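There are 2 protein chains.
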Amino acid sequence: MMVSSLTLPDALMTLDSNTPAALRPHDHDACIDAALAAAEQTCKEQGLRLTPIRRRVLELVWQSHRPVGAYELLEALSADGRRAMPPTVYRALDFLVNAGLVHRLATLNAFVGCHDPLHPHQGQFLICGDCRRVVEFHSGSVNRSLDRKARNLGFELTEQNVELLGRCSDCRDAH
Amino acid sequence: MMVSSLTLPDALMTLDSNTPAALRPHDHDACIDAALAAAEQTCKEQGLRLTPIRRRVLELVWQSHRPVGAYELLEALSADGRRAMPPTVYRALDFLVNAGLVHRLATLNAFVGCHDPLHPHQGQFLICGDCRRVVEFHSGSVNRSLDRKARNLGFELTEQNVELLGRCSDCRDAH
DNA sequence: CGTGCATTTGATATACTATAACAATAAGAG
DNA sequence: CTCTTATTGTTATAGTATATCAAATGCACG
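Keeping their order, the protein sequence lines are chains D and E.
In this text, residue positions in the first sequence follow my numbering: the first is 11, and each later residue adds one.
In this text, residue positions in the second sequence follow my numbering: the first is 11, and each later residue adds one.
Note that these hints are calculated values from the structure, not bench results.
Hints may contain errors.
Claimed, not checked - Sample of chain E residues with no beta-carbon within 12 Å of chain D, all distances over it, derived:
1. Pro-30
2. Leu-46
3. Leu-58
As the list claims (entries may be wrong) - Simulated restraints on C-beta separations:
4. D:Asp-37 - E:Leu-58: 23 to 33 Å
5. E:Ala-31 - D:Met-95: 45 to 55 Å
6. E:Asp-157 - D:Glu-50: 32 to 42 Å
7. D:Gln-56 - E:Leu-128: 30 to 40 Å
8. D:Gly-79 - E:Gly-139: 22 to 32 Å
9. E:His-36 - D:Tyr-81: 42 to 52 Å
10. E:Arg-142 - D:Ala-31: 37 to 47 Å
11. D:Glu-166 - E:Leu-128: 39 to 49 Å
12. D:Glu-50 - E:Ala-31: 48 to 58 Å
13. E:Thr-61 - D:Leu-58: 46 to 56 Å
Here the structure is a predicted model, which is why all the values come from computation and not from measurement.
Glycine included, every Cβ here is placed at the ideal spot set by N, Cα and C.
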């Protein structure tokens with residue numbers, strides 16, 4: 011499936027370079043391919059098994075840069091021909107989340123593909139309340155501030171979940 | 011209900027001053043009273059109605075510094091004698107959250123009392139994975155880092171949800 | 001190439017979290 | 001007091017997630 015904006019390269023020229031990849035017109039098939047290739051690699055390296063179901067769920071999660079719910083994935087799996095039940099998709103998601111290939115957005119009860127599965131990290135996300143697209147980011151200064159604050163309050167950190175809701179530039183421009 | 015640690019003031023001497031109030035032995039009745047008083051005040055100031063159900067739910071949320079689930083609150087309300095149904099407690103919680111008196115922790119599907127309802131703010135929380143106690147904090151440097159990052163990525167922020175999972179000093183000391 | 005063990009998947013049932021919709025009641029304005 | 005609005009009661013259902021046990025598959029080892 012070719013993204014139509016690719017036929018309009020002029021549109022790209024008006025975007026400033028800070029616009030996150032997920033919000034730019036792009037060849038999304040390449041996104042999916044890259045994500046699957048990275049998944050194959052990390053799984054091979056860590057001795058994890060990217061079975062057909064898991065691979066398919068990952069592919070489905072990557073169909074867009076929007077978070078997708080477990081039951082949406084379930085429907086998509088059923089459309090494939092498998093008559094999948096909830097535990098099937100939740101197990102695949104558990105695997106993918108633990109393998110660092112997918113993130114769960116707690117505020118939305120939904121899942122997005124991880125941008126950078128090759129480097130372990132924790133979740134920081136911007137979510138557009140209008141178009142629902144999600145941008146994952148990693149801020150050293152946010153991490154340092156959070157670590158310092160936690161240490162001051164006597165906490166050892168094990169996980170972080172930072173979800174910011176707002177409006178992306180596209181949606182703001184569109185009023 | 012008197013907190014037994016109050017009879018052991020020596021214990022207080024060993025705690026460093028950075029220990030959050032929620033983790034220190036303290037007269038928790040005073041906590042509840044203060045929370046309810048602050049709630050009365052904000053509601054009066056903003057023309058909101060702190061009805062008996064809402065007040066009772068707030069009181070129940072404040073029974074501890076641990077997050078409490080909606081259905082736990084429901085049971086507690088039923089124990090009071092009212093035979094409450096889910097919408098009752100969810101409506102009360104919606105009201106309290108919107109009034110800034112209670113925060114919802116998305117990662118736990120649970121609710122905690124807000125420390126500082128008199129000053130509007132957004133949620134930043136440390137959650138101890140062992141004892142489940144929650145410490146709310148509010149870091150200017152975290153906020154600045156998040157704002158800057160969001161702006162760089164073209165986002166206008168409307169809400170933030172920062173939940174850090176870890177282990178508090180008490181639980182670490184207890185191995 | 002079996003055999004045995006561990007991992008994964010299938011299938012059923014159920015738990016947990018949250019809201020829609022409409023009726024009944026209570027509170028506040030005039 | 002009466003009108004209007006906000007709140008609560010009630011029933012039903014939607015949406016999210018897991019427990020449990022059985023069947024199938026993958027894989028290491030002899």
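Structure-based check of all given hints:
no. : hint                              : in the structure
1   : Pro-30                            : 5 Å, violated
2   : Leu-46                            : 25 Å, holds
3   : Leu-58                            : 24 Å, holds
4   : D:Asp-37 - E:Leu-58: 23 to 33 Å   : 51 Å, violated
5   : E:Ala-31 - D:Met-95: 45 to 55 Å   : 47 Å, holds
6   : E:Asp-157 - D:Glu-50: 32 to 42 Å  : 38 Å, holds
7   : D:Gln-56 - E:Leu-128: 30 to 40 Å  : 49 Å, violated
8   : D:Gly-79 - E:Gly-139: 22 to 32 Å  : 26 Å, holds
9   : E:His-36 - D:Tyr-81: 42 to 52 Å   : 44 Å, holds
10  : E:Arg-142 - D:Ala-31: 37 to 47 Å  : 38 Å, holds
11  : D:Glu-166 - E:Leu-128: 39 to 49 Å : 31 Å, violated
12  : D:Glu-50 - E:Ala-31: 48 to 58 Å   : 50 Å, holds
13  : E:Thr-61 - D:Leu-58: 46 to 56 Å   : 53 Å, holds
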